[in-house]
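Q: Protein chains in written order, with our numbering: chain D, 1 to 294; chain L, 1 to 312.
There could be a bad hint or two in this list.
[Stated by the list, open to error] Cβ pair distances, simulated, as ranges:
| hint | chain 1 | residue 1 | chain 2 | residue 2 | range |
| --- | --- | --- | --- | --- | --- |
| 1 | D | Ser154 | L | Glu154 | 36 to 44 Å |
| 2 | D | Phe53 | L | Ala128 | 32 to 40 Å |
| 3 | L | Asp73 | D | Leu188 | 35 to 43 Å |
| 4 | D | Leu33 | L | Ile99 | 54 to 62 Å |
| 5 | D | Leu33 | L | Asp73 | 40 to 48 Å |
| 6 | L | Leu84 | D | Val54 | 19 to 27 Å |
| 7 | L | Thr161 | D | Ala92 | 54 to 62 Å |
| 8 | D | Leu19 | L | Ile129 | 43 to 51 Å |
[Stated by the list, open to error] The list that follows gives simulated cross-link-like pairs (lysine to any residue, SDA-like), each with its CA atoms no further than 25 Å apart:
| hint | chain 1 | residue 1 | chain 2 | residue 2 |
| --- | --- | --- | --- | --- |
| 9 | D | Lys104 | L | Glu297 |
| 10 | L | Lys86 | L | Met27 |
| 11 | D | Lys104 | L | Pro103 |
| 12 | D | Lys243 | D | Asn66 |
| 13 | L | Lys127 | D | Arg10 |
| 14 | D | Lys152 | D | Leu29 |
| 15 | D | Lys206 | D | Lys73 |
| 16 | L | Lys69 | D | Met44 |
| 17 | L | Lys123 | D | Leu218 |
| 18 | L | Lys123 | L | Arg7 |
| 19 | L | Lys157 | D | Tyr41 |
| 20 | L | Lys256 | D | Leu258 |
| 21 | L | Lys256 | L | Pro103 |
| 22 | L | Lys256 | D | Leu165 |
| 23 | L | Lys5 | D | Gln201 |
| 24 | D | Lys206 | L | Trp95 |
| 25 | L | Lys256 | D | Tyr245 |
| 26 | D | Lys104 | L | Gly296 |
| 27 | L | Lys256 | D | Asp238 |
| 28 | L | Lys127 | D | Met274 |
| 29 | L | Lys200 | L | Ile182 |
| 30 | D | Lys206 | D | Lys152 |
| 31 | L | Lys200 | L | Lys256 |
| 32 | L | Lys123 | D | Ala279 |
| 33 | L | Lys123 | D | Ile15 |
| 34 | L | Lys157 | L | Trp95 |
| 35 | L | Lys157 | L | Asp257 |
| 36 | D | Lys61 | D | Tyr245 |
| 37 | L | Lys74 | L | Met27 |
| 38 | D | Lys104 | L | Arg7 |
| 39 | L | Lys256 | L | Trp95 |
| 40 | L | Lys127 | L | Met27 |
In case anyone wonders, no lab produced these hints; they're calculated from the structure.
This one's a predicted model, so the numbers in the text were calculated from it and none came from an experiment.
Note that CB positions come from ideal geometry on N, CA and C, so glycine has one too.
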Amino acid sequence: MKRSKDPCGRRRVRIASNLCILPSLLGVLIFFLIPFGIVVYYSMINNPNTKQFVGLSNYIKLFSNNAFLAAAKNTGLFSAVSVPLALVLSLALAVMLERNIPGKSAFRTFFLSPLMVPTASVVLVWQVLFHNHGTINQIIEHFGGHGVDWLKSSHGQIILICMFLWKNLGYNMILFMAALAGIPKDILEVAELEGAGRIYQFFHIKLRYLSPTIVFVLILSMINSFKIFREVYLLTGDYPYDKLYMLQHFMNNTFASLDYQKLSAAAVLFAAVMIVIIAVLLISENIFGKDVEN
Amino acid sequence: MTRLKRRRAGDAVCTVVAILAAFLFLMPTVLTIANSFMTSSEIAANYGAMFSNMTDDKKVFISENVNLKFIPDKVTLDQYKAVLLKSPDYLMKFWNSVILTVPITFFQLLVAVFASYGFARSKGKIKAIIFFAYIILMLMPYQVTLVPNFLVAEFIKTTITNIFYPNGQIPNGLANMRWAIILPGIFSPFSIFLLTKAMKRIPVAYTEAARLDGAGELQILFRIYLPLCRGALVSVAMLVFIDFWNMVEQPLILMKDANYHPLSVFLSQINTGDVGLAFAVGVVYMVPTILMFLYGEDDLVEGITYSGGIKG
């Protein structure tokens, strides 16, 4: 079927669709893009009054700031562990629900439910579980081990990883379930006829078809891993144990001292790092998943 | 034959693992609900060790260890009575959450419905660039976006104060900074991303047919696009709602007056407050989102499915 060639009609559609986008575009420009430009500018001047251009010296100062380095290290460590774990475990859940097990839709509901439970509602249970005299330590001691004061030790990040996985696995699992269902059946049938085992099929066929979803889940989990501050704040308040001191804590403190230069430099640096990571992921997906895309 | 047997054994193992996983996923929620029906003395006995800074001689009354219990000794609604009737503070904070989250969800969807229609209905180089910018913005964490938000909020506040209230007496509506959270929230591009993807799935033939029958652009949007995207709309509404219902970062930075903080922030101070009520407050706080989940789970799943993949 040919599309309508009527130029007048097309023009009307174009104008209408531009008008539809306009309110959103204005909002994004006013609240995000233009002020972000100002943030970039602020990151390169010495202070808002004299406005002297100082190049990258705010960034260099940031790298000699111990609080920033600690926050970046903790946040980086948390993301580096929790994001791959989230990927592997949610894929495992999705593969598991692909099998012939009873009550599949109930399991889907159970795994997805933490997404819709407010973090603040259940934070007390997590505190009870990981308290010095709490449930986990009681179990450990029951089997003859030695408990640790989780929230006040270098193991504190383990609690965060548990909370992060609990909340986010369901969403990723749904993405993987949809992607698994979208793999062409005939390819898998041919592979089966040719004698390919389940494991071979998974690693050599399914994973390739899943690569766009894998990249998306990686990006999404990374974004969500930066929201872990919520959990830390609810568990420990303003002043957590050092290992739980996150980038958002650093930002809060810098906001409190109204140090715009430091704040701007940190925000711009963070944005740049994010863009580089996302670009690398997208490019590697293009290389890895090229031959299965039509 | 052996292959079939092996597969059956695998299924059995998977079922067991799934049941164990389901237990872990449900436990925090179920425990919170179960504990909300305990008497305050039982809570004190079970969890007193966590929160009290009592001297040692007083500690004999409460157990040294923290006992996590699934089933209350005595089921009571006392906690709920206390939260709903006797402690207006919690209800005020709940209301603070509502008055921030509901406008953000409603207006973000309104803006997004039109914008996504614009992106899905006609293509062009500039639109593709704008959409890509939206995706990048969507992927930016709060640590990046809050700095611009803060600058704009300060700018708006000082400008309005200088023009309209030069004596410095600014009205409450401006001083409480709710708008500073709501306005950027409305233009957050997440729902546009998801709705555009859902709308792009609608076959061009539908709109062509409607146009031939004389339908205008608004009619096409409201009579064809929106009904076909119902699942995605419900899903976006739920995801936006829960994200802002959980908010912690924005109020901490943008709102200086803790009286206007939402319950999601206030609940962290429960350690120093009344522990006996914390579980009931937690349950009250999860009621809206749990109801949404039970009512709209299928739509939610459909919407999440649309969100997969940055491209196309």
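Q: Going through the numbered hints above, which ones does this structure break? Give me the numbers in ascending order.
A: 3, 4, 5, 6, 8, 10, 11, 14, 15, 16, 17, 18, 22, 24, 29, 30, 31 and 40
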